[in-house]
Amino acid sequence: DVKVTQSSRYLVKRTGEKVFLECVQDMDHENMFWYRQDPGLGLRLIYFSYDVKMKEKGDIPEGYSVSREKKERFSLILESASTNQTSMYLCASSLLSGRATDTQYFGPGTRLTVL
Amino acid sequence: AQTVTQSQPEMSVQEAETVTLSCTYDTSESDYYLFWYKQPPSRQMILVIRQEAYKQQNATENRFSVNFQKAAKSFSLKISDSQLGDAAMYFCASGEKTSYDKVIFGPGTSLSVIP
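The listed protein sequences correspond, in order, to chains A and B. Basically our numbering = 1-based index in the first sequence + 23. Basically our numbering = 1-based index in the second sequence + 129.
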C-alpha cells in the first residue's frame, strides 16, 4: 500500500514566521501535490511537482513556495505566514507524471493555525 | 475551464438505507476521468470509485456505484446498505487527460449515517 506521511498533524505559528510542511511518499510516485482544504471550497491546488526539482503552480500559489530535492519528499514553504493561511493542508502523490487521470494518494493532513 | 459542483453540502441517511450524492461537472474535453474520494473524520482521504468518460458502463465497487450521465455531465454516487463507517466528507473530482496533472475537486458533501 502507498503511504503518504506529513510531518505534523497540528501546527500553530505566529504571523510572519517561516513555516515548513513536509510530505514523504514511499511508493516511488512521480507526482506530488500540495492542496489547501477549506470548508465549502473543497481542495484547491497550491503547487505540484512532476519530477525532482520540477514544480508547477496550481490555482493558489501566492504566498507559498515548494521544494522537491528528492523524489519521495515534497515540501511546502510559507515564507511569511499570515492569518489567512490558517487552513488544512493536504499532500498527495500519484504514480505517473503528466496524467491527471491517475488515482491520488493522500496524507493525513496538517491543520495549520496562524495567530 | 473545468468545474465540479456538489449541490448538497450535507446529507444524512439511516443505517442500512441507500443514499445518492450528486455531482455535476463541466469540461470541454472528450477524454477525462471522474472520481469520488472519501475523507472520514480525522482520517486520510481515499479513492472510492473512478470512472473513465469513454466507458459507457457505470463503475461499481461493492456497495458503491455511480450513475454517469455523460450528456448531462452528471456523476452521482450511490451508497447502498449504508454503514456507520460511511460517514465522511465525499468529494467529486474531475481530471482531463490534456490537463496533465491537474485534478479539480468539488466543495464536498458531508454525509452522516444515523444508527
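Worth flagging that the hints you see were computed from the coordinates, not collected in a lab. Be aware that a few hints might be false.
[Claimed, not checked] Covered, in the sense of this in silico footprint (three residues per stretch, anywhere, with C-beta under 8 Å from a C-beta of chain A), are these stretches of chain B: (1) 159 to 165; (2) 184 to 198; (3) 232 to 244.
Beta carbons: idealized from backbone N, C-alpha and C, even for Gly.
Go through the numbered hints given earlier and state which of them the structure violates, listing their numbers in rising order. Violated: hint 2 alone.
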